[in-house]
Amino acid sequence: MSLFDHKVSDLHELLHKKELKVSDLVDESYKRIAEVDDKVQAFLTLNEEQARQTAKVLDEKLSSGNAEGLLFGMPIGIKDNIVTKGLRTTCASKILENFDPIYDATVVQKLQKAETVTIGKLNMDEFAMGSSNENSHFQKTYNPWNLDRVPGGSSGGSAASVAAGEVLFSLGSDTGGSIRQPAAFCGVVGMKPTYGRVSRFGLVAFASSLDQIGPITRTVEDNAYLLEAISGLDPMDSTSANVDVPNFTKSLTGDVKGLKIAVPKEYLGEGVNESVRQSVLDALKVLEGLGAVWEEVSLPHSKYALATYYLLSSSEASANLARFDGVRYGYRSPNAETLLDLYKNTRAEGFGDEVKRRIMLGTFALSSGYYDAYYKKAQKVRTLIKQDFEKVFEHYDVIIGPTTPTPAFKIGENIDDPMTMYVNDILTIPVNLAGVPGISVPCGFDGGLPLGLQIIGKHFDEACVYRVAHAFEQATDYHTQKPQL
Amino acid sequence: MSRISTEQVKHVANLARLAITEQEAEKFTKQLDAIITFAEQLNELDTDNVKPTYHVLDMKNVLREDIPQLGLPQEEVLKNAPEHQDGQFKVPSILGE
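Protein sequence lines, in the order shown, are assigned to chains A and B. Here our numbering is used: position 8 in the first sequence is 8, and no number is missing along the way. Whatever position you read off the second sequence (first residue = 1), add 1000 for our numbering.
Treat the hints loosely; a few may be bogus.
Here are the simulated SDA-like cross-link-like pairs (lysine to any residue), alpha carbons at most 20 Å apart as the crow flies [said to hold, decoys possible]:
1) A:Lys250 x A:Ala475
2) A:Lys21 x A:Met1
3) A:Lys376 x B:Lys1010
4) B:Lys1030 x A:Tyr370
5) B:Lys1010 x A:Val36
6) B:Lys1079 x B:Pro1092
7) A:Lys56 x A:Leu70
8) B:Lys1090 x A:Tyr331
9) A:Lys18 x A:Ser2
10) A:Lys94 x B:Arg1003
11) A:Lys376 x B:Lys1027
12) A:Lys380 x B:Thr1037
13) B:Lys1030 x A:Thr420
14) A:Lys410 x A:Val272
15) B:Lys1027 x A:Gly352
Here are the simulated distance ranges between beta carbons [what the hints assert, rightly or not]:
16) B:Asn1049 x A:Ser2: 19 to 25 Å
17) A:Ser368 x B:Asn1061: 46 to 52 Å
18) B:Pro1073 x A:Gln387: 25 to 31 Å
19) B:Pro1068 x A:Tyr103: 16 to 22 Å
20) A:Pro246 x B:Asn1014: 48 to 54 Å
21) A:Glu97 x B:Asn1014: 21 to 27 Å
22) A:Ala34 x B:Leu1045: 49 to 55 Å
23) A:Ala322 x B:Glu1040: 23 to 29 Å
24) B:Lys1027 x A:Met236: 35 to 41 Å
25) B:Asn1014 x A:Arg277: 42 to 48 Å
26) B:Asn1049 x A:Gly258: 36 to 42 Å
Read the hints as simulated data drawn from the structure, not as lab findings. Values in this document were obtained by computation on a predicted structure and should not be read as measured data. Idealized CB from N, CA, C, for every residue including glycine.
Here chain B stands alone, though its shape is the one from the complex (with noise of 0.2 Å):
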């Protein structure tokens, strides 16, 4: 039995914001299919009394202490943009015209 559909592999690669063609998608569920296989193996561990590990380290609520500073200058920051306008990042218009 296929654990993962190529419809699923599609609504997946929707919400990951990842175009992908009907070829990609049969191929990404071919070897999607195969991982998610073996990692069924873990099924065979009764866990039910284990609790998940987050973070390795005994480390709680880790502050420090609020102090102003200067921000990075708004030339930096606009350096790597693709696209920018007036100090601002630029992007297709989202309102209808």
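Same shape as in the complex, but just chain A (with noise of 0.2 Å):
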């Protein structure tokens, strides 16, 4: 039995009632990690003495009856491509092998009002550019319920080390799946927020009309108090929105009587694996049962997304990856006479295949002569994908379908092509091009390996998909299953 099989809102009476301190938990993560972390290789740096150090201070505070707040004394994982003052932030890429960052993302300063303990930085694809964590420059991490597959990705290593144990909770950053398709492969619970509902300050841009920052948790109560202390408006990100944070746990009732649940059939049908399929219609059943209903709608241009969100975010991540040129800060290459050149060989000797591919992509599609015939064409395609959501909305509470076609898949397997890879996200895309919130629950498990259900909501209603997500995880087991390691 670990520690981090408690939920969080148990594990805060145990502090309050002096039975447990806040170096236990922190404790009992580096303990994990030193067990596991060399089969999984979910950590690319550990912050084991700062979160001493703090675990001290906190239980200063503790004993002194000074702790307040439910997260208070939370060790926590954070992906690598959001930065951490005086903790080394990578984005899994040569070029930021070194990177000291100067300041703390708004989450990490909301977290540090909170008063969890970070305890590392996790593994991720190259600047979130990926669906498996073969990209990361420094290391492959290994699915938690399986070591020969991938954890999926990017926020690969933010899914693994939950599912292994090593932290109770972590943060990721979703662009195209990157939260909701490696909390499927690893069976742990992942949100992408709505556009604008967490600030993207101090996230490394990859697509800044796509990314958002959200949690990943063993059970969607963690979850909800996680994006509750994360959300909210800031000054420093204009595209945050200003719309109040409810108070998201409240609305884990577990009375979903009456909800309308759209079901779109182009996400039962072709490129879905059959044990994918029934896992969710069999959650379908089990929602019924609780008193909802079901019907089948249509998305129809859903087979648009993928190639509608490889034209756009490789266009936005040509003009964000601009900045590293070998100047101000990152590796720069040793074989330089001139300025150009500089540029050009420390962005060459610097970024891996899959970034550099992107960021040609991206550039073609803004290349005079052809913006209007792929970067703004996709972008109209993007309003068709987006009233699609919007049109089944009118009618519905939620949509469901499955995270991902298929569980997760061998390493190796989809590496050499980048085409089979991308084909992993096509479930997932177009919740980021609507720009609404979804979730990703376990529903089951196929040859041992976990399956995820996505609830996807109206902007700004994450309350509804954390109530639907609950009542599912609270009538079906999936999520007390552990990987043995």
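Two independent chains are provided; combine them into the complex using the hints.
Right, dumping it as structure tokens:
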């Protein structure tokens, strides 16, 4: 039994009953990391000395009765594209191998206010481009359920570390499925909030109109607590929304009577594994049993989402990644006589192939003569995809489907062909294009590998998404199963 | 018909300030061609009367009060620079000797 088998609210109670100390929680993290991280390889950088120091300070606060807030003392892992002052932040790229941030991301400041303890920084695909963590410059992360399989990506380290019991919970980021897909592959709960719900200040930008930070946890309740802590308007991010942050956990009533669920036929069609399809149909039966009703609907432009996404996200990435030029921070090529060669060689030596591919695709799509045919066309199709969702949400509360078409694939299986790798994200990408919130919750197993149920809500209606996810979770026991490592 | 030629890939790489070898140019041409060919399925859709979506939320002119604040300390800003001198970032000389 691990301490992290408890929910946040239970650990909180144990802390306040003096049956547990913050240092016990931090010990649990580093003990488990020492036991299993040579197999899982979720962490890029550990924050051990600082974390133990923080634990000491928090334990003093606790014993003097000054511990406030539910997340007080909880050990968290942070994806390595979220900047942490004084704690190396690499984006899993050679170009930022020794980058030592001089400020904290807004979400990190909010965690400090909530007094969580940062355990370390988590592996990912380089600059969040990938679906398997195989694009990390430093190491592969392995799926705790089966070490021959990928953990998913790009927040693979964030999902694997939670599944392996190395941290209680973690933060990831999601541009086209990068929280939900690894959460599904690793059997944990991952939420991509509404675009604008969480500040992106200090999240190293990949595709600014799609990126969102979100929580990865073992339970829906913990997820709701963590999202509440990191949400809200931020003057440092003009795309963060000026909307109230509701008390998400209040919506976890277990009541889904009369709830109207839309099931897009495109999400259960061609390319989706039979085991995945069956697990979603079974999940719908569970929700029906709780009083919800579901109907088949159509999101007719779904098949165009993948192409739209790759054009738009790569275009935005090509602009965002222009800042890595070897001048102000990061790697600098030693092989350059002129400034132009310095730029070109630094970037050629500092970026991996997937990042280069996307920078070039984006540069092409934005270049003179092609802008209208590719970039602007994709922006228009994005409107059609967004309208698909709006139409369905006129009549339904949530949309439900699988998170991924298959369970976790084998390491090396898709690495040589970018297009087969991209297809993995076909069910998660439309959600980012529309900017709506989506969660993945465990909904079954196929050959010992976890499967994820995706629940999608209206803009800023995470409360309803959580309500449905929680009702389903409480009616099933998938979330109680743990990988054997 | 291929959508992108090796020459175009080299041109794009130059625009993106990426040095690439002949061999890489060929590999990326094939891969980018496959992706662009796939992306052309968007042409099946008539979008003449569709407005582009630049931003999913209805936000315009987000402003905040202009309050003077201290900037970041110079030594902090230079901390991650590969090379710096006299409080400035250092690069190879741009003008001739």
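Against the structure, the hints come out as follows:
1. Distance check on the hinted pair: Lys250 (chain A) and Ala475 (chain A) sit about 18 Å apart at the alpha-carbon level, within 20 Å; holds.
2. Between Lys21 (chain A) and Met1 (chain A), the direct Cα distance comes to roughly 17 Å. Compliance with the 20 Å bound is thereby established for this hinted pair.
3. For a cut-off of 20 Å, the pair hint linking Lys376 (chain A) to Lys1010 (chain B) is broken: about 23 Å separates their Cα positions.
4. A threshold of 20 Å between alpha carbons decides the hint, and for Lys1030 (chain B) with Tyr370 (chain A) the separation of about 18 Å falls inside it, so the pair holds.
5. Between Lys1010 (chain B) and Val36 (chain A), the direct Cα distance comes to roughly 45 Å. Violation of the 20 Å bound is thereby established for this hinted pair.
6. Note on Lys1079 (chain B) and Pro1092 (chain B): the hinted pairing holds, with a Cα-Cα distance of about 19 Å set against a maximum of 20 Å.
7. Of the supplied pair hints, the one linking Lys56 (chain A) and Leu70 (chain A) holds, its CA atoms being roughly 18 Å apart against a limit of 20 Å.
8. A hinted pair counts as satisfied when its Cα atoms are at most 20 Å apart, and Lys1090 (chain B) with Tyr331 (chain A) qualifies at roughly 14 Å.
9. A C-alpha spacing of about 18 Å is found between Lys18 (chain A) and Ser2 (chain A), which places the hinted pair at or below 20 Å, so the restraint holds.
10. With a C-alpha separation of about 31 Å, the suggested pair Lys94 (chain A) and Arg1003 (chain B) falls outside the 20 Å cut-off, and the hint is violated.
11. Restraint check: the Cα-Cα separation between Lys376 (chain A) and Lys1027 (chain B) comes to about 27 Å, which exceeds 20 Å; the hinted pair is violated.
12. Only pairs whose Cα atoms come within 20 Å are accepted, and Lys380 (chain A) paired with Thr1037 (chain B) is accepted, the gap being roughly 18 Å.
13. With a CA separation close to 15 Å, the supplied pair Lys1030 (chain B) and Thr420 (chain A) stays within the 20 Å bound.
14. Taking the CA atoms of Lys410 (chain A) and Val272 (chain A), the gap is about 17 Å. The hint holds against a cut of 20 Å.
15. Between Lys1027 (chain B) and Gly352 (chain A) the alpha-carbon distance is near 14 Å, which keeps this suggested pair within the 20 Å criterion.
16. For Asn1049 (chain B) and Ser2 (chain A), the hinted distance range of 19 to 25 Å is not satisfied, since their beta carbons lie about 57 Å from each other.
17. Distance hint check for Ser368 (chain A) and Asn1061 (chain B): the Cβ-Cβ separation is about 29 Å, which falls outside the suggested range of 46 to 52 Å.
18. Between Pro1073 (chain B) and Gln387 (chain A) the beta carbon distance is about 48 Å. The supplied range of 25 to 31 Å is therefore violated.
19. Checked against the hint of 16 to 22 Å, the pair Pro1068 (chain B) and Tyr103 (chain A) passes, with Cβ atoms roughly 18 Å apart.
20. Taking the beta carbon of each, Pro246 (chain A) and Asn1014 (chain B) are about 50 Å apart, inside 48 to 54 Å as hinted.
21. In this structure the hint that Glu97 (chain A) and Asn1014 (chain B) lie 21 to 27 Å apart at CB holds, the actual value being about 25 Å.
22. Range check, Ala34 (chain A) to Leu1045 (chain B): Cβ separation about 54 Å, and the 49 to 55 Å hint holds.
23. Checked against the hint of 23 to 29 Å, the C-beta distance between Ala322 (chain A) and Glu1040 (chain B) comes to roughly 26 Å, which is consistent with it.
24. Between Lys1027 (chain B) and Met236 (chain A), the C-beta spacing of about 40 Å keeps the proposed range 35 to 41 Å intact.
25. For the pair Asn1014 (chain B) and Arg277 (chain A), the beta carbons lie near 47 Å from each other, so the given range of 42 to 48 Å is met.
26. For the pair Asn1049 (chain B) and Gly258 (chain A), the beta carbons lie near 38 Å from each other, so the given range of 36 to 42 Å is met.
The structure shown violates the earlier hints numbered 3, 5, 10, 11, 16, 17 and 18.
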